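Residue numbers (full-length UniProt numbering), protein chains in the order written: chain A, 1 to 190; chain B, 1 to 190.
In case anyone wonders, no lab produced these hints; they're calculated from the structure. As the structure is a computational prediction, the values presented were derived from the model and not from experiment. Any given hint could be a false lead.
Pairs count within a copy or across copies, as identical chains cannot be separated in the list.
DSS-like, lysine-lysine: derived pairs with alpha carbons at most 30 Å apart [claimed, not checked]:
| id | residue 1 | residue 2 |
| --- | --- | --- |
| 1 | Lys111 | Lys21 |
| 2 | Lys111 | Lys15 |
| 3 | Lys13 | Lys111 |
| 4 | Lys21 | Lys10 |
| 5 | Lys15 | Lys179 |
| 6 | Lys111 | Lys10 |
| 7 | Lys13 | Lys179 |
Chain by chain, the residues run as shown.
There are 2 protein chains.
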Amino acid sequence: MKLLEDRIRKDGKIKGGDVLKVDSFLNHQMDVDLFNEIGKEFQRLYGDCGVTKILTIEASGIGIACVTAQFFHCPVIFAKKNKTKNIAGDVYTSQVESFTHGKVYDIIVAKEFLLPTDRVLLIDDFLANGSALQGLINLVRDAGATLVGAGICVEKAFQPGGDLIRSMGVRVESLARVKSMSEENGITFC
Amino acid sequence: MKLLEDRIRKDGKIKGGDVLKVDSFLNHQMDVDLFNEIGKEFQRLYGDCGVTKILTIEASGIGIACVTAQFFHCPVIFAKKNKTKNIAGDVYTSQVESFTHGKVYDIIVAKEFLLPTDRVLLIDDFLANGSALQGLINLVRDAGATLVGAGICVEKAFQPGGDLIRSMGVRVESLARVKSMSEENGITFC
Chain A
1 MKLLEDRIRK
11 DGKIKGGDVL
21 KVDSFLNHQM
31 DVDLFNEIGK
41 EFQRLYGDCG
51 VTKILTIEAS
61 GIGIACVTAQ
71 FFHCPVIFAK
81 KNKTKNIAGD
91 VYTSQVESFT
101 HGKVYDIIVA
111 KEFLLPTDRV
121 LLIDDFLANG
131 SALQGLINLV
141 RDAGATLVGA
151 GICVEKAFQP
161 GGDLIRSMGV
171 RVESLARVKS
181 MSEENGITFC
Chain B
1 MKLLEDRIRK
11 DGKIKGGDVL
21 KVDSFLNHQM
31 DVDLFNEIGK
41 EFQRLYGDCG
51 VTKILTIEAS
61 GIGIACVTAQ
71 FFHCPVIFAK
81 KNKTKNIAGD
91 VYTSQVESFT
101 HGKVYDIIVA
111 KEFLLPTDRV
121 LLIDDFLANG
131 SALQGLINLV
141 RDAGATLVGA
151 GICVEKAFQP
161 GGDLIRSMGV
171 RVESLARVKS
181 MSEENGITFC
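Looking at chain A on its own, in the form it has when it is part of the complex (with noise of 0.2 Å):
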């Protein structure tokens, strides 16, 4: 998607080698007029697979999953990072390991919200080692659902994430690919 390319080379900012921000317009200060254009492409590719469900995961896949949601008129469900008081104990768990914030942790969702007839995309603002998407997909098959794919909006491409959950014969679309990037050179996409 040429219009998120162009963004991620303009406002996207390479710190040590292998961080990608993009906290200016994707996940900390979120633009939604940027939003409503994944939405229209993911839609477009998506369209036609009779989705029922999208799930995202806290917290930044959140905004992205609303405004798609939209265009599918489906409900969104975020995966929870931690069990509070407020979810019932009748809920599908996985693991996720974030490389970023250097821990393992669980995830949730509730039980009454994924059903084996569910149609279910998922939707996040980045795939790199695929530990979240990972995650989110065991959920789904827990639930015994459809998984329809994934729809991410930046992919590092040099991280094995993209090839792993491929290979498992999982449909994902990524809307920017990076296939290289360096402090010095600047990005370069797939």
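We have chain A already, so just place chain B on it with the hints.
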């Protein structure tokens, strides 16, 4: 907002006297069509206030804030609950006490995204004790930005947060104000 009150009456679940679960449509599974109506209502209330930024707090405020921002044509910032490697040191910080989670945590926002020239609308799903909202207000004041007001979906008016924040001179607009609730007698709105 009658639509939201009706939905709370229909799908909200009261647990143990003071917990109102609305996680089937507001803050775990999210009804984005409802969010659209909520966004329109916030626009009706605050549309003439020159809002330049919407500020919310992760995680459950983000979806509502993003859908609402489409009506204001302004960016959303979400205050983060944990400091990660991806955020540089230049942040505003405030403390929030979570009664749901039973702990105190820091919220942060990068200084570069909250400017003295900004006119900020706060958006959140719930207002109960007011600690999260107070934390967001502190961030806006630290930045020297103008606080336009707060748009809340559900206010538990029998808890002190709403009165406390209003007594500080802050405009608070809550779309559904719960006057009382119990498992036996259900919910009454103000």
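Tested hints:
Only between protomers do Lys111 and Lys21 lie at most 30 Å apart by alpha-carbon distance; the minimum there is 15 Å, versus 34 Å within a single protomer. Taking the shortest alpha-carbon separations for Lys111 and Lys15, only the inter-copy value of 18 Å comes in at or below 30 Å, while the best intra-copy value is 39 Å. In this assembly of identical chains, the alpha carbons of Lys13 and Lys111 lie at most 30 Å apart only when taken from different copies (16 Å versus 39 Å within one copy). For the identical chains of this complex, Lys21 and Lys10 are intra-copy neighbours only, at 12 Å inside a copy versus 42 Å across copies, given an alpha-carbon limit of 30 Å.
With identical chains, the CA atoms of Lys15 and Lys179 are at most 30 Å apart within one copy only, with a shortest distance of 16 Å there and 50 Å across copies. In this assembly of identical chains, Lys111 and Lys10 lie within 30 Å of each other by CA distance solely across copies; the values are 20 Å between and 41 Å within a copy. When the C-alpha separation of Lys13 and Lys179 is checked against a cutoff of 30 Å, the pair qualifies only within one copy, where the shortest distance is 15 Å, while the shortest distance between copies is 48 Å.
Taken one by one, the earlier hints all hold for this structure without exception.
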